[in-house]
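Chain order of the listed sequences is A, B, C and D. Note that this note's numbering has the first sequence beginning at 1, numbered continuously upward. Note that this note's numbering has the second sequence beginning at 1001, numbered continuously upward. Note that this note's numbering has the third sequence beginning at 2001, numbered continuously upward. Note that this note's numbering has the fourth sequence beginning at 3001, numbered continuously upward.
Everything labelled a hint here was simulated from the structure, so no lab data went into it. Computed from a prediction, not measured in an experiment: that's the story for all the values here. Hints may be right or wrong, so weigh each one.
Calculated pairs, DSS-like style, for lysine-lysine (alpha carbon to alpha carbon, straight line, at most 27 Å) [unchecked claim]:
1. 3135/D - 2304/C
2. 3039/D - 220/A
3. 3135/D - 1135/B
Cβ pair distances, simulated, as ranges [as the list claims (entries may be wrong)]:
4. 3342/D - 2025/C: 22 to 30 Å
5. 1165/B - 2038/C: 52 to 60 Å
6. 2219/C - 1039/B: 39 to 47 Å
7. 2219/C - 220/A: 44 to 52 Å
8. 1127/B - 3252/D: 38 to 46 Å
9. 2038/C - 1129/B: 16 to 24 Å
10. 2279/C - 3194/D: 56 to 64 Å
11. 3025/D - 2154/C: 36 to 44 Å
12. 108/A - 2274/C: 39 to 47 Å
13. 1123/B - 3268/D: 31 to 39 Å
14. 108/A - 1033/B: 29 to 37 Å
Glycine is no exception: its CB is placed at the ideal position from the N, C-alpha and C atoms.
There are 4 protein chains.
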Amino acid sequence: MLHFECDYLEGADQRVLQALVDANEQQYGSYGEDEPCSKARVLIREMTACPSAAVHFVVGGTQANLTVISAALRPWEGVLCADTAHIAVHETGAIEATGHKVLALPGRDGKISASQVEAAYNAHHQDITHEHIVKPAMVYISHPTEMGTLYTREELGALSEFCKAHDLLLFLDGARLGYGLAADPRVDLPFLARCCDAFTIGGTKAGLLFGEAIVLTNPKLAPCFRYAIKQRGGMLAKGWLLGIQFMALLKDGYYVRTCAKANAAAQAIKQAFLDKGVALLVDTPANQVFPILSRPQTASLGEKYGFSHWQQVDQEHTAVRFCVSATTREGAVEALLHDIAEWDD
Amino acid sequence: MLHFECDYLEGADQRVLQALVDANEQQYGSYGEDEPCSKARVLIREMTACPSAAVHFVVGGTQANLTVISAALRPWEGVLCADTAHIAVHETGAIEATGHKVLALPGRDGKISASQVEAAYNAHHQDITHEHIVKPAMVYISHPTEMGTLYTREELGALSEFCKAHDLLLFLDGARLGYGLAADPRVDLPFLARCCDAFTIGGTKAGLLFGEAIVLTNPKLAPCFRYAIKQRGGMLAKGWLLGIQFMALLKDGYYVRTCAKANAAAQAIKQAFLDKGVALLVDTPANQVFPILSRPQTASLGEKYGFSHWQQVDQEHTAVRFCVSATTREGAVEALLHDIAEWDD
Amino acid sequence: MLHFECDYLEGADQRVLQALVDANEQQYGSYGEDEPCSKARVLIREMTACPSAAVHFVVGGTQANLTVISAALRPWEGVLCADTAHIAVHETGAIEATGHKVLALPGRDGKISASQVEAAYNAHHQDITHEHIVKPAMVYISHPTEMGTLYTREELGALSEFCKAHDLLLFLDGARLGYGLAADPRVDLPFLARCCDAFTIGGTKAGLLFGEAIVLTNPKLAPCFRYAIKQRGGMLAKGWLLGIQFMALLKDGYYVRTCAKANAAAQAIKQAFLDKGVALLVDTPANQVFPILSRPQTASLGEKYGFSHWQQVDQEHTAVRFCVSATTREGAVEALLHDIAEWDD
Amino acid sequence: MLHFECDYLEGADQRVLQALVDANEQQYGSYGEDEPCSKARVLIREMTACPSAAVHFVVGGTQANLTVISAALRPWEGVLCADTAHIAVHETGAIEATGHKVLALPGRDGKISASQVEAAYNAHHQDITHEHIVKPAMVYISHPTEMGTLYTREELGALSEFCKAHDLLLFLDGARLGYGLAADPRVDLPFLARCCDAFTIGGTKAGLLFGEAIVLTNPKLAPCFRYAIKQRGGMLAKGWLLGIQFMALLKDGYYVRTCAKANAAAQAIKQAFLDKGVALLVDTPANQVFPILSRPQTASLGEKYGFSHWQQVDQEHTAVRFCVSATTREGAVEALLHDIAEWDD
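For reference, chain A alone in the conformation it holds in the complex:
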């Protein structure tokens, strides 16, 4: 069985693993106050062209989201996002568990627009009973989204502009950021750093054993953030494991390069489905593909390949998800491409 259900099925990229092995017998400072983390912070500040950014490393994405959001908001403030956003549906109410309402807006292909945010903002502030309603104070977006889609530079710019003008924080969840950076170089790290108050650079889905870098570009978010990480259970004792891995992943452009390879494989899979007349739930430019398969197609592919059932489309068809990641083996992709091409339905 070859698995494509998600982008965290294997261990680490070879380069990352080697760095961990090389560092294993060294002694390092604890809790992220160590040389590898310091170097990785410097590198991220360079890559984002944001010398004043505060950079922290945590193990997982839900941890990153709940720590950033709960540290940034006051108790009566909520966070606007798409109704498909990870924080809205797949974190078991982690944000609410810190006391904050997630204010979901109807997403389109996983995205929300500046005009939706504007409408929500105005609806709140023009309501004379607004003190009885959670105050929108942050906008959360994912890039790529949970639907595999990307924001354009213009869409991000518009969101950012509205947020900055209306005292809303813009937080971008970059759990799959490398695939986005590789798919659209116009949306690069310096641009994101200028647009957002905070964003994450995802490692877990791009070749790390684990790890998300939190980049706080808004200096108001920086004070006491390590207290927040510790309080929420996210401060890794051997924090240098994160620094070592991120250095190995990020230096010399490796992050985007390795993600680009995965994107190319995913796009080849997408094309193979299209060539067979299979429709897509949504057209996606990065490492996730969402073909709509018939029951027999699902059954036949399911014999050799693992993939996620995403959404029932009609009685006979289901949208499924195939992911390729930085650690997917080439042979697996080739086998899948071959088998799709061989279909005779």
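Starting from the known structure of chain A, fit chains B, C and D onto it as the hints suggest.
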């Protein structure tokens, strides 16, 4: 510089690291639903002689503590512990952040007694205004404690007996459990499983890159615990990393064996200090040593060795901490022993 | 200016006020442990035909909602409700502030149906990643709803049946319950007590200075509830003020009688609008009326009367709300009826 | 039976009750946005000589405390207080339920000193692991304290000076403030307004049916405070009840005058006990008295009078509490004085 500040200074034990390397290119299920975790669960149920135990793996100790405690308690319930307990002082209020009061009792060498718990319990229940006071519903202890000391089998038995008779949950934080098991075989895993409603088996401080096993022996604590882990940000995407490591650490008695070696080294260091007439803040039988050093002693040792400043004892003396762990190199211990022996003050 | 914006514009019903004045110089026990509260509890148990019900009194509705919900749910559990529910939109995220997600379903005229609850329940439990999603554990409904509508006996029965069969708690917010009881005697207190696990009997909007009675019919919700009230800030020092008021309001059928009068006045206002060809946003049988007024109508009525702007319907029309309560003066209603009748547009 | 257990045994002062009766049939705006509250706000700004103060009214003291503290602190911040503080012991963990640790210091007669706060502050900031420890960010004191004692002007000045210099908020719980103002005119409202960032003026224990005024003198605490009140369940629908009562209580110096009378009565009771050779647990200048009674004394007084058992002193003696409030009847005090004087033991 050779470091003894804490027991999480190096990476993984060689056997653990090799297991990770060997597994790296495999594909595994996500979020802890995988074969390595299943095997580790089976092994832990065997080792604890508790076939009905629910076993979960998380990355860190604060994560384990806050998840167990917040999942077990109702909103108005609090947790009794020593005033030196990790949850009381060194987790940035992680328990309070989930809504629960930590009810600290004056510890003796890091420990609390059944009679202290009884007094606190009675003080609550005999107060006619008890509905205005947080209800004690759980007892948290560490074994070994944060002071390096151990509960005896009798002390644990008495605590357990009182708790079971009075509907209090007993939760044991085993961040350094291996060193305790090695130092006193009368307090073994099956005994702990019978005494406690929940306890952790610490990996981070005993040769894992990271990892704490949560063992829920009370079946009332089991339902929906994975929801709790996810909500608090503790569900590792590549959860099999924990299963792989724990299997490597625990199987064939390796855990206790490797911790016993570290205990022996720590005890040798303790003896070396005693031989030089150095007093101890507290006598400790496991992997932590707390000598009280004079200023010149601190300065001279500090040139070559890292250790923690624990507590100012008087104007001229400071209690410091030396830790030995499963990953401390033998050469480092030998060098330290040699240098203490060479002291001529 | 005569005000109809809401149903809490005046002080207390004369009978209630007199009871307070009569009791003013007595000495009573504190925090709700007093004779007037005891008597009111007995009366409510009789009126609900639920001798085992636990009955508590708090000052306000948001307080009642957040206390009941946070006391009933485990951290990872959420509460299903209509998207117009008070807890979803008008309590500044009070439920989320206690850690729980509000799971809003699209309401129809403020109501949700058993089949909607069933669909939401199944969607959760059939999702293989359900541990990553907030678990629905309670259904919250309002009766009358925030839109002034009522559940029928059959609708409530169906909701209750599904909830009981699927381990969901049913909680009914009765902030305006008296008006509902008066409007539809088939949905009476004993029926509600059998259907619901918890419900409130609203006093603030029906002639009390303040006060909501919380009726916990499910014995699992009873233990330690006074701890919950105190912790959330809802335990009134002079708690007997609540007992006195509820006794005055509830005894001898006064509650329903006085609410029936207000309903009749509201229905007369509704009819007056209908007679003038004014459409309704929603047809309502109790004490709230939602006519859709043109701009000139709004302006002319607005000169003498206060009412709430509810919802923009189109460029030229706005739905507004008129409320009549147990303390609305008859003269005010007569004046309004007269002025609507005199309209010549 | 004549009751002296606490200072909230009767209803309202006659003047306050009359004001409520007079206002009963008026129509007022809801949720505290009404004329009586506006007037009371203006009056309080005048009385405190703090024209920029934000003033809010809530029903109870726990509500006031939890709302102020949770609105003022960031998640990782805690509040220093005496170990006898109401928030530390008698609010069922209300502060922790909002996520914040209460950092209790050993009080002396219910008070803490500037030097204790300084020591706690330094202990935190000088600890190199301070990010693992809750950050002290606020100091909570009660005046009068829960032990009936008062801070002197000098003590308050010193606390305030340290707090202002070290970015700590000073919050004074004035649940019994009127008795304090009456007992020591050197600590007046303008002085408190200059010393504190926030304080409350207690009404419940001084002749209101209910009500605490929250005075926010630090402008940083003002924004969005009404959101906080609503979210925590403290926004009274008929909020004008609070404005009416506070106006009646505060205008023309009535608050201090009526509290002074109660103080005098309490002091007479204290003197009566002293005259009989009864020792005091603590000497108190305001409306609470803490005699240490023998078993026979307790029994004989207990036949006719209610009082609180405060603390077991030895096998034979118990400290008890007698309170006099603004609504205690003169006859009751006289009877008690007479009966103590008649003692022949």
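Problem - Hints that the structure is at odds with (numbers, increasing) - result: 1, 2, 5
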